[in-house]
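K.L.:
What follows is the residue order along each chain.
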Amino acid sequence: MKSFCMVKKVAVAAFLLGFASFSTASFADETLRIVSWGGAYQKGQSVGIFQPAAEAMGITVKEDTYGGISDVKLMVKSGADKFDIFSSGAGGCASGGAEGILEKLDYSVIDVSNHLPGMYSDYCAGADIFSVVAAWNTETYGDNGPRSWADFFDVEKFPGTRAMRAKVDSQLEAALLADGVAKEDIYKVLDSEEGIDRALDKIRSIKPHIAVWWTSGAQHAQLMKDGEVDMTTGWNGRFDVAKLDGAKVAYDWKTGIMDWEGYGIPKGVKNKDLAMKYIAEMMKPEYMAEFAKYITYGPTNKLVYELNLMEEARARQMPSHPDNAKHQMTLRTDWYAKWRTIAAEKYTEMMTE
Amino acid sequence: MGGTKLNSNQAELAQLARREHFTFFGLTLPYLVLVGAMIIAPIGWLFFLSFIGRDGSFSIENYERMINSKAYIRIFLTTFKISILTTFFCALLGYPLAYFMSQISRKWANICMIGVLIPFWTSLLVRTYAWLVLLQKKGLVNTIAVDLGLLSEPIKFVHNTSGTLIGMVHIMLPFLILPLYANMRAIDPHCVKAASSLGATSIRAFWTVFFPLSMPGLLAGLLIVFVLCLGFYVTPAVLGGGKVIMAAMKISSNIELYFSWGAASALGVVLLAVTMLILFIASKLVSLDQFGQRS
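Chains A and B supply the protein sequences, listed in that same order. Numbering-wise (the working numbering), the first sequence opens with residue 2 and increments by one. Numbering-wise (the working numbering), the second sequence opens with residue 187 and increments by one.
Misleading hints may appear alongside valid ones.
[What the hints assert, rightly or not] DSSO-like cross-link-like pairs, simulated, lysine-lysine; straight-line CA separation at most 30 angstroms:
| id | chain 1 | residue 1 | chain 2 | residue 2 |
| --- | --- | --- | --- | --- |
| 1 | A | LYS249 | B | LYS293 |
| 2 | B | LYS379 | A | LYS168 |
| 3 | A | LYS168 | B | LYS323 |
| 4 | A | LYS347 | B | LYS379 |
| 5 | B | LYS267 | A | LYS347 |
| 6 | B | LYS342 | A | LYS347 |
| 7 | A | LYS339 | B | LYS323 |
| 8 | A | LYS249 | B | LYS324 |
| 9 | A | LYS158 | B | LYS342 |
| 10 | A | LYS168 | B | LYS470 |
| 11 | A | LYS244 | B | LYS267 |
| 12 | B | LYS256 | A | LYS339 |
| 13 | A | LYS226 | B | LYS342 |
| 14 | A | LYS168 | B | LYS293 |
| 15 | A | LYS168 | B | LYS324 |
| 16 | B | LYS256 | A | LYS158 |
| 17 | B | LYS342 | A | LYS244 |
| 18 | A | LYS249 | B | LYS256 |
| 19 | B | LYS267 | B | LYS324 |
| 20 | B | LYS324 | A | LYS158 |
| 21 | B | LYS323 | A | LYS226 |
| 22 | B | LYS470 | A | LYS347 |
| 23 | B | LYS429 | A | LYS208 |
| 24 | B | LYS256 | A | LYS226 |
| 25 | B | LYS267 | A | LYS168 |
| 26 | A | LYS208 | B | LYS379 |
Since the hints were made in silico from the structure, they are not lab data. Model, not experiment: these values are computed from the prediction.
So here's chain A without its partners, still in its complex pose (with noise of 0.2 angstroms):
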C-alpha cells in the first residue's frame, strides 16, 4: 500500500514536471546548445556558468561534449547543425578562424573591457586561464623538486624519468626556457625553423629519460598519482585535483606557461544574436568566481579579483593570481597559427627517431 502511494506520488510528480518543462519550453523557445571537454573541467562549468547564466537570461541551454576544433570545422563543412557555443583554447578558436569556419565575436556585445591583456580574440572570449607546469613527485624530491625548466631538463642534478606531451604545444617553450631563453624572447626564438630546431634539440639531450609520451590531462594526472614517472609537464588544475585525490605532486609557478579557453561560435549558426548574448553574460565575473570552486583555473574578467568575488586563498591557487602570473610567460596563439604543421610535422619526427 505504501509502495502503491509512493508510486502515485512519483507518477504525479513526474506529470506535473514534464508539464512544467513543456510550458516553459512552449513560453521560451530560445534554447542553445553548448559542448565543451567534459569531466572535472566541464562539471565546473555547467555548475558555475551554463546554468546560473541560463537561467539569469531565462534561456535554456543544452550540453554535450565533443572533441575540439576539428569537430566544429566537420559540423560546418558538412551543414550540420550540432551544437551553437563551443568551449576551446585559444589556439584552437586561433586556427578555427584562419580556417574561416568561426564566426566574429561582436565585443560591442560581449564586454571584454575588464578583461586581462591579451585574454579575449576575433574569435575567442576568453573565460579561465590555466598554465602549463612542470610537476614533481614528492616521494622522490621532497619540496626540492624542479623548480625551473632549467632544472627539469637537468637529468644529473634530478636523475629520474619524465614524461612531455605527445603534442608540440607549450613543449617548445619549455624546452627555450630551459636552454636560457629569456621568456620575453622565446617567441623570438621561435620564429624561425632553426630556433625550432634548437628546442627539440634541448628534448632530444634529455629523450633517453622521457619515459611516456602523454596525450591527455587524465593521463598525466595519472602518471603522477600512480608514480610511473618522477616528473611531468602537465595542466596546473588537474596536478590540484589529482593532489586532493592523494597524488604526491608539487610545481613550481616559475615553469608556468600561462594559456587561455573560451567561447566560440561555429559559422552559421542559426541562434548566433542569442549565443552572442549569452557569451556576454558568462564573462560576468560572479560566474568566473564560482566556476574556480571547482577547479584551479582563474578568471579572465579582473573583476573577480578587484571585488574579491574569491576567497584570497582560492585566489592564491589560481595560475592569473597576480602573485602565480608574475613569474609565468604566457603562451602566444599567432604563433601557432604561423607554424603549428611544420612545429608539429618536426616534434612527431624527433619523437620517432
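Got chain A; can you put chain B on it based on the hints?
P.N.:
Chain B alone, transformed into the frame defined by chain A:
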C-alpha cells in the same frame, strides 16, 4: 542416331549450366552492389581525396609530405614491425593451444574455448587498461615481484614496444585460434594414425601429415591477425606511451593538424597499397591453393 542424341543432350546440359550460372550471378548481384557501394566506392573516394590539397585544388602535397618527413617512413616501419611481431607471437602461442584443444575431448575443448572467448567478448579498452594497471611501474606484477624479492627494481613492461605487443597479442589471439582450431578439428585423425602405422615417429607424423593439413587454418588466422593489427589505434596509444606511433594514430593526428581529409587519406592509401603488396608477395611465396588441394 545415338551420336545426335548425345549431342542434343550435351547442348541441353550446357544450356542448363549457363542458366544456372546466370541464376547464381543474379543471386550474388545484391552482394556485388553492396560491396561496390560500401567498399569500392569509399576507397575510391579516399584515393581521390588524397590528391586534394589544403586549398581544395588538385595537388600531390599530401604525398610529398610523406617523402620529406622521415617521421612517416618510421611510422610505417613501426606499423609493419608491430603487426608482424604480434602475428608471430600469436602463432607461437596460438598454434600449440589450438593443437592441444583439437586433441582433447570436445567437452574439455569447449571449456578451453570459453577461456579463449571470454577475453574476446570483453571490451578492447577494458583489456588494454587492465594491462596498464597490471604492468606499470607500481602495478600489481612489479609490486608483487619486488616484494617477494624476485626483482631488485621494477621492470618497464609498458609504455614501450613490449607493452604494446603484450596487449595486442592478447587481443588478437582469438582471431588466430578460432579458424585454426576449426581447421584442426576437421583433420581426419586416421591420417596421423596411418603415418604412424607406416613407421613414422610421432614427431615425423606431426610434421609431415598434421602440420601441412593445418596450414589453411593457420594461414587464414595469420592473415586476419596481420591485417587487423595494421589498423590498431587504442592499444598502442595507451600501452605504447608515445614510443609506438602506428599509422592509425598519425591518420587521426593529421586530421586535427591539417583540417583536411587529404592529409589523412593519403596515409590510408599508402598503408593499403603496401599491405596489398606484402600480401601479394606472401601469396607468391606460400601458395594457398596448394595446401587447399592437399586438405
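K.L.:
Each hint needs a verdict: does it hold in this structure or not?
P.N.:
Going down the list of hints, with the structure as the test:
no.	hint	in the structure
1	A/LYS249 <-> B/LYS293	52 angstroms, violated
2	B/LYS379 <-> A/LYS168	61 angstroms, violated
3	A/LYS168 <-> B/LYS323	24 angstroms, holds
4	A/LYS347 <-> B/LYS379	62 angstroms, violated
5	B/LYS267 <-> A/LYS347	23 angstroms, holds
6	B/LYS342 <-> A/LYS347	27 angstroms, holds
7	A/LYS339 <-> B/LYS323	40 angstroms, violated
8	A/LYS249 <-> B/LYS324	14 angstroms, holds
9	A/LYS158 <-> B/LYS342	23 angstroms, holds
10	A/LYS168 <-> B/LYS470	42 angstroms, violated
11	A/LYS244 <-> B/LYS267	39 angstroms, violated
12	B/LYS256 <-> A/LYS339	22 angstroms, holds
13	A/LYS226 <-> B/LYS342	17 angstroms, holds
14	A/LYS168 <-> B/LYS293	52 angstroms, violated
15	A/LYS168 <-> B/LYS324	26 angstroms, holds
16	B/LYS256 <-> A/LYS158	33 angstroms, violated
17	B/LYS342 <-> A/LYS244	25 angstroms, holds
18	A/LYS249 <-> B/LYS256	39 angstroms, violated
19	B/LYS267 <-> B/LYS324	28 angstroms, holds
20	B/LYS324 <-> A/LYS158	24 angstroms, holds
21	B/LYS323 <-> A/LYS226	12 angstroms, holds
22	B/LYS470 <-> A/LYS347	39 angstroms, violated
23	B/LYS429 <-> A/LYS208	11 angstroms, holds
24	B/LYS256 <-> A/LYS226	35 angstroms, violated
25	B/LYS267 <-> A/LYS168	24 angstroms, holds
26	A/LYS208 <-> B/LYS379	59 angstroms, violated
Hint check: violations occur at hints 1, 2, 4, 7, 10, 11, 14, 16, 18, 22, 24, 26; the rest are consistent with the structure.
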